[in-house]
Amino acid sequence: MRYRALAATILCLVTAAAPGATPADGARAAQFKRLPNWTGLWVTSVWQVGLSGRPSHGDQELLQTLQLIRPPPYNPEWNARYEAGVHDKAMMDARNATLKACTRSFPALMEAAWQFQVATLPEETLVVFENGQVRHVYTDGRPHPSGDDIWPTPLGDSIGHWEGDTLVIDTVARDSSEPLTPRAWVSMLSDSAHFTERVRLVDANTLEDKLRIDDPVAFTHPWDITLRYSRVTEMNRMIPTNCTENDRNPVVDGKIIITP
Amino acid sequence: MSKRPLYSWPSGRPLRWFALLVLGGFASATQAHHSSAMFDQQKSLTLNGTVRQFQWSNPHCWIQVTVNDASGPAEWSVEMGSPSQLFRAGWRPTILHAGEAVVVVVHPMRDGSKGGLFVSATHGDGTPIERPAK
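Order-wise, the sequence lines are chains A and B. Take the first sequence: its letters are residues 1 to 260, numbered as in the numbering used here. Take the second sequence: its letters are residues 1 to 134, numbered as in the numbering used here.
It is possible that part of the hints are untrue.
No more than 30 Å apart at the CA atoms, straight line, and that leaves these computed lysine-lysine pairs for DSSO-like [stated by the list, open to error]:
id	chain 1	residue 1	chain 2	residue 2
1	A	33	A	255
2	B	114	A	255
3	B	114	B	43
4	A	89	A	100
5	A	255	A	100
6	A	100	B	43
7	A	89	A	255
8	A	210	A	100
9	A	89	B	43
10	A	210	B	114
11	B	43	A	255
12	B	114	A	89
It is worth saying that the hints were derived from the structure and are not from the lab.
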């Protein structure tokens, strides 16, 4: 708290002293003062990644800790489809043998292993991931776009507001052709899926995202999930990731290989 | 017979859905780039060789290891995590050098090709691979 107050004071002094500063600048500085400080690098708490780039404790532990891979609370119609997919081992094996994923749709992005930074501005909060994906959460009081100003996208459209130190995010218009996560190919949502997140700092090194997925077409009731993130302490800068620089894993004849 | 839901979460039988996920093929984690189904993670293979090249690159870093066996020298490709992941674990681009002896343990490729997933590594004399003290 001391650092936040100090930063806001410095910002106010700089703003007030700057040539051409307006009362609006001062008001914006006051808005900054009320925002929580979530700076630093964060990464999901469920992934303990080693030098292999794979889960340090193996896939089995990971499967027990991932939230979005669990069966959603489907109604009977959607559950029948889900069960048919889960039991289609040939399809599962084929998908598994060729699966490559360099981006995630929402909400899977929030449970990916990529590190991210959070920039809280008065007008919006940006969640910037090391793979280059960015969530824009507009907090300037605007509604979601309407009519033909909005269409389904992998991350959907997000607006938010602050309740004390908690950021409440409302997301709609997620592209329903994407599975819920790359590891749960048969977990689908409808176009009516609506997401509410409550993001807050639990302690100095833990960020929490309480996610509610409401899908009146597919679910019997809303699905509540809690995602947690740990502060990355081993490095102090983001090192970008991409899949194009030296991709030696093409898919050939239905399987991923290693090129020499 | 009463019909019970196959899944119950968060109460009930939490392991039931987990068993189904594993049997259904959800087991192969896609950490960053691709599925791990190509690697046989039930097997470990030890490569005694020399570093031909250490590739510090996205989406994976690679150790190219030359191994001499009965049929002569052969090059193996050892897949690691991304630079971000290696950096976080204390590795740097200069931590390995061409020509130095290494012992690398891998989960080998299922298709028998000369590649594998990194498990662990030491210098040829068994000492840990670490950054030199500044």
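A quick look at each hint next to the structure:
no. : hint             : result
1   : 33/A with 255/A  : 53 Å, violated
2   : 114/B with 255/A : 16 Å, holds
3   : 114/B with 43/B  : 14 Å, holds
4   : 89/A with 100/A  : 19 Å, holds
5   : 255/A with 100/A : 11 Å, holds
6   : 100/A with 43/B  : 23 Å, holds
7   : 89/A with 255/A  : 16 Å, holds
8   : 210/A with 100/A : 28 Å, holds
9   : 89/A with 43/B   : 23 Å, holds
10  : 210/A with 114/B : 45 Å, violated
11  : 43/B with 255/A  : 19 Å, holds
12  : 114/B with 89/A  : 28 Å, holds
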